[in-house]
Amino acid sequence: MAQTEKFVLNMGPQHPSTHGVLQVQVELDGENIVGATPVMGYLHRGIEKLMESRTYVQCVPYTDRLDYVSAMNNNLGFCMAVEKLANIEVPRRAEYIRVICAELNRIASHHVFIGSLTNDLGSATGMIYAFRDREKILDLFNIICGARMTAHYIRIGGVAADAQEEFLRDTQKFIDYVPAMLDEYDRIFTGNEIFQARMQNTSIITKEDALKYSMSGPNIRASGIDYDIRKIDKYGAYGDFDFEIPLGKQGDNWDRYIVRLKEIQQSANIIQQALDNLPEGPYMAKVPKVLKPPKGDAYHRVENTRGELGFYIVSDGSTKPYRVHIRRPSIVNLQALDTMCRGMLLADAVTAFATIDPLMGEVDC
Amino acid sequence: MHSGILYSTAQALREILMSLVGVPLLVDIIMTVICATILLLIMATSALVFTLGERKICAFIQVRIGPNRVGPGGLLQSVADMIKLMDKEDIVPRGIDKWLWVLSPILLLVPSALIYAFFPFDDGVILADVNVGLFLLIAITSQTVLPFLMGGYASNSKYSLIGGMRTVAQMLGYEVPMVFALMGIVMLTGSLKMSAIVEAQSNVWFIVLQPLAFLIYIVTALVESNRPPFNLVEGESEIIAGPFTEYTGMRWALFFLAEFSNLMCIGILTTTLFLGGWHGPDFLPGFAWFWIKTFICVLFYQWVGWTFPRLRIDTMLSFGWKVLLPIALVNVLLTGVGIYIYNIM
Amino acid sequence: MGTYFEIDKLELLKAQFDTAEFDAEANEPAIYIGKEQLLDLMKVLRETPTYSFDRMSCLTAVDYKEYFEMVYCLYSRRFDKWVTVKVKLDHDNPEVESMTQIWEGTNFEERETYDLMGIKFLHHPDLRRILMPDNYDGHPLQKDFVPLEPRIEGGVLTWHKQKSSS
Amino acid sequence: MWGKGLVAGLKVTWGHWFGKKETVYYPEEKLPMTERFRGGHLVLDDKKCIACKLCAMGCPNAALDLTVSVDEEKKRHMDSYKHQIGRCMYCDLCIEACPVKALSWDKNYEFASYFKEDMTYDAVVEAKNRRGNDE
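Chains as they are written, first to last, in the numbering used here: chain A, 3 to 367; chain B, 13 to 357; chain C, -8 to 157; chain D, 61 to 195.
To be clear, the hints were calculated from the coordinates, so they are not data collected in a lab.
Since this is a predicted model, take the numbers as computed values, not measurements.
Among the clues, some could well be false.
Keeping only pairs whose Cα atoms sit at most 20 Å apart, straight-line, the calculated EDC-like set for lysine to aspartate or glutamate is [what the hints assert, rightly or not]: (1) A/Lys86 - C/Glu16; (2) B/Lys170 - A/Asp318; (3) A/Lys214 - C/Asp83; (4) A/Lys51 - C/Glu88; (5) A/Lys214 - C/Glu88; (6) A/Lys297 - C/Glu60; (7) A/Lys209 - C/Asp45.
With the hints as constraints, model all of the structure from the sequences given.
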């Protein structure tokens, strides 16, 4: 007699579409998913422990390796936490340059999102187009700090070097290119009926679920919750800029994609304002060569491309942090994976991995 | 009765052989062997050409240069690929169903090779111009389901199994609209004979008379040959490579060969059934027109494949059964009405 | 950054919970609470409409050698307020109520804290190691942690105490 | 109408099919490296170097292995300057730490090697070789 049976499919850690080394144990009933359990730790490097034996200044390059496609945002989070701990006032120009870099990196990170999403949907061409445009931003980073991904540009007290004319000019060129770029994405991805059919009404995260799982970043905004730390906390120079927070309607894969597309637009908007009003002045505060923050602890969070990135630093008064904890958005967002995949098809699971946009460097820390 | 360079050459060859051997049966056998060899060579060459073509076109669409190291402009890249594939270690995974696993790639190649016998390459140049040509052709192409399923089942891998099941679902699902779409052509021609179908297009190509059938055929052909956006069988971001996940080296190359042979098949079929086969203005010989049209079709299929994302299995199946099949049936009805009106007039 | 929780409300909480303490002199005083009353305090913080701390922003533990300290950073989206709750735990047997009973989204963070710091969360739905290998013995973020040596035994990766290095 | 988006997508790829390509023929054609580019070997100006070891102290990963000798006149000399590229994360902290600006990158990113040992080199030796070539 014929009978059917559920089976477990181990997707990853070596699989074409698991974004690094994420392993997901998918329980399948035919092609229907009845459960998905993420298994992590393949990229665990112990950055929190490493930081305990490095001085504050030496810790900064390690934050590059957390979320390696938006290194600038990680630098920013760590540096701001240390500045809060040590009461360092950052010069205005440095704040603006930080915003420019962080927003450029947000766009670059969303390029990776679009690229990997389209690749997972089966259109390798889309990936190349997104990465082609990301390359322009990486070239900008190469100009300003000499590295493309692991920037280590934002430092405690300011930035590593002043932004050159060349950088500002090329950034302006890129910002002018953004509308054409988004138009091309609209024509090849957004307007495409197959994309729409693949993504609309799949892997829905409701408002309640998004709050329940403490999600953050574009993922929670796609569910329609207005929660953007740039707007709430107005850290750094973000208070000076006028920008909107794009929100999704129902929290399906399509909304998560559209929210990120619109965020590219808003980031470009912020960069434009920052470029127009870039103040003159020093790019680095006076930071003692041997940084010894007073005893105590500080928690500071920034809006990383993937959500709420927090650094909790405990100082014992020495040159090295006593304890650093990193609140990584990716690992928290991953908790929703099971809810997203349940009841969907195997192909939707791949889309769900892509739209939740976890980065294993950050998940495993 | 037939004209064209290829046909005259074949006739001349036959006469020479006749004078040499003298036994008609033996000459027939020799001629068949020669034809079969040429067809197999065409198939192998198509794989070589299309490997490079696919990679170059994909690169051009993706604003890249593409392979450019081997030979001038990367022309010999596919040769290098072949040598690499032959050179590779033949990994036989543990726990497989050995016989099915080994047979699957070989069996897959058989139908892909067989259908070349029914293609009219030029006026009178057709290996087996049987009365039920189109019918046989469809019957043989649908045999590709089995090797895929065999490979998927025998590999003892969950990815392969899912891929195998998908093959069955999609190939069977799209066979039906395809047959009904081609029905219109058969109604117009009044024959299943391939040469008759081409002959019927000497004045008007069937793409003009059967635009609906043409669109349906394009979609179903992409599905039947596992081309993107319908390459669910090997959907590499979901199930890695479907039935060929566990194959390496030459075994994998056979799948590869079958895939490119299928790609050329659908190009040839589109040409033969809708684009007038070898018909064309007189300044070029028939077979040249045939190949030009085929290549344009293949380029079109590759262009489509490299632009669109993959469909999901449920969307694809419901599209086949709920959209394409009704349209195909309507097309049959319209064709019937059209023929009736034409006959009255 | 939103503002910190007001002192007078902290006083209110202190009156409500007898183990609650805070340093009134400090800039942004954290509430210290006994681990028995932690769950109740958190429930009050989350559910009282005038507090409504609906987001557990950060959950972690610090090893102070004599004791462990759990740190919870709560954020109220409604009032844009912060509060830090701290619990001191015994170093020998660190156990604390799991926050998944109130915030389900702390699941992975608690698993991580358990994995790296060795704190056991009571009533946690799925307390397993998350980053380290399942057969690992030890908690890397503890201050007296000594890395284990990987060895392959019978095709399985196992972990062993290092021989006292000379 | 259904299918409009598909045609629009096809138009985009058609445009790129015959459009300008973004990649270059790499070994023949190289992209220029920027002024601040961090990568390659460390170039030590051994005339300027005062052997203060600040660079090694600034290194987060202990990628620099220096030996310093002191001569009769209490002058410090850099005897060897081992840079382990395998440990280096190109954070630029060593170069920024240098009080006399004796360090810089040579910006040559093509230093892949078959053996791990080949990735460690001595900047003092390289500096001497360079001087030898110049003279």
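ask   = Is the straight-line distance between the alpha-carbon of A/Lys297 and that of C/Glu60 20 Å or less?
value = holds (16 Å)
query = Given the hinted pair B/Lys170 and A/Asp318, is their alpha-carbon gap at most 20 Å?
reply = violated (53 Å)
Pair hint A/Lys51 and C/Glu88, alpha-carbon separation not exceeding 20 Å = violated (25 Å)
query = Is the Cα-Cα distance between A/Lys86 and C/Glu16 20 Å or less?
reply = Answer holds: A/Lys86 to C/Glu16 is near 19 Å, not above 20 Å.
ask   = Does A/Lys214 pair with C/Glu88 here, judged by a C-alpha cut-off of 20 Å?
value = holds (18 Å)
query = Taken at face value, is the distance from the CA of C/Asp83 to the CA of A/Lys214 at most 20 Å?
reply = violated (33 Å)
task = For the pair supplied as a hint, A/Lys209 and C/Asp45, confirm whether the alpha-carbon distance does not exceed 20 Å.
result = holds (13 Å)
In terms of the numbered hints stated before, the structure departs from hints 2, 3, 4, listed from lowest to highest.
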